[in-house]
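Engineer: Sequence:
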Amino acid sequence: MRRLLALSGLVLALVAPAAAQPFDTPEALLEAFYAPYLTDDFPENEESFRSAALNALYEADAESTPEGEMGALDFDPYIDGQDYQIANLEIGEPVYGGDTATVVVSFTNFDEPVEITYDLVNENGGWVIDDLEGQNGEFAYRLSEIFAAAQE
9 MRRLLALSGL VLALVAPAAA QPFDTPEALL EAFYAPYLTD DFPENEESFR SAALNALYEA
69 DAESTPEGEM GALDFDPYID GQDYQIANLE IGEPVYGGDT ATVVVSFTNF DEPVEITYDL
129 VNENGGWVID DLEGQNGEFA YRLSEIFAAA QE
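In short: position in the sequence shown from 1, add 8, done, that's the numbering used here.
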């Protein structure tokens, strides 16, 4: 039990500070972002992983959603599902365009292949998530479009 607690503390010690500091590379950002899906140790606040624009979409959704009701997201767009058992996580090579980068992340979730394309931006000295697109099965989505549709 002590070994398990020590290991859990070590993982938290590694992940928690990472969430609070700027990420020097797109890969470092996405590795830190997906770490909780592998450890079940999620930070209380994920704002440091997201751009100001994406955080504004989350805030607008929260403000326009009546208390006790579900907002625009009825699934986790970062895994393209509600439940997760992530394996075979692969972070692709970034394609840069100035202060932006596109990165494809692939993994299996309950043995089903998933691919998410991230639009990242270098903001305030570090890489953050600005948008994403999932193209799995019959349901394709872009996170910013889900929020926009909910505001209509």
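Note that these hints are calculated values from the structure, not bench results. These figures come from a predicted structure and were not determined experimentally. Do not take every clue at face value.
[What the hints assert, rightly or not] The following label-pair restraints were derived from C-beta to C-beta distances:
id, residue 1, residue 2, range
1, 52, 72, 39 to 47 Å
2, 78, 148, 16 to 24 Å
3, 75, 33, 35 to 43 Å
4, 149, 71, 16 to 24 Å
5, 39, 72, 31 to 39 Å
Just so it is clear, CB atoms sit at the ideal spot from N, CA and C, and this is done for glycine as well.
Engineer: Quick check: which numbered hints come out false for this structure?
Structural biologist: Checked against the structure, the only hint that fails is number 1, while the rest are satisfied.
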